[in-house]
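Q: Sequence:
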Amino acid sequence: MLEDIRVYLMKRWTENRIPIEKYKDEILSRIKLKLQKEIDTSRCDSSTTEYQLGGLRRKEQEGRVKNHKAQAHLGSGYNKNALVV
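Residue numbering for the sequence shown follows my numbering, beginning at -8 and increasing consecutively.
Treat the hints loosely; a few may be bogus.
Unchecked claim - List of simulated lysine-lysine pairs, DSS-like, C-alpha gap at most 25 Å: (1) Lys25 with Lys15; (2) Lys15 with Lys2; (3) Lys23 with Lys13; (4) Lys15 with Lys28; (5) Lys2 with Lys13; (6) Lys13 with Lys25.
In short, the hints are calculated from the structure, not lab data.
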C-alpha cells in the first residue's frame, strides 16, 4: 500500500511540474490572489493629529496610500523557481 501511495505521488508531481514550468509569472496565481487581498487591506495608513488653535482644540486625520509590490512580501519558497527542480 505504501508503494502505491509513493507511485501515485511521484506521478502527480511529474504531471504538475509541466504546467508550472510553462507558467510565465514569477508568483503563482492562488498565492498572488491571497497576497493581493492582504496588500489591499493594508494599503491605507492613517494617523491622527491634535492641536490647539486660538483656544479651540482641533483634531485632524490624515490618510496615506502606500504602494506595495507583491514580490516584496514573499519568501523564497513561494515563487515558481522554488517549485521547479
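Q: With reference to the structure, classify each hint as holding or not holding.
A: The hints, checked one at a time:
no.	hint	in the structure
1	Lys25 with Lys15	19 Å, holds
2	Lys15 with Lys2	23 Å, holds
3	Lys23 with Lys13	17 Å, holds
4	Lys15 with Lys28	21 Å, holds
5	Lys2 with Lys13	18 Å, holds
6	Lys13 with Lys25	22 Å, holds
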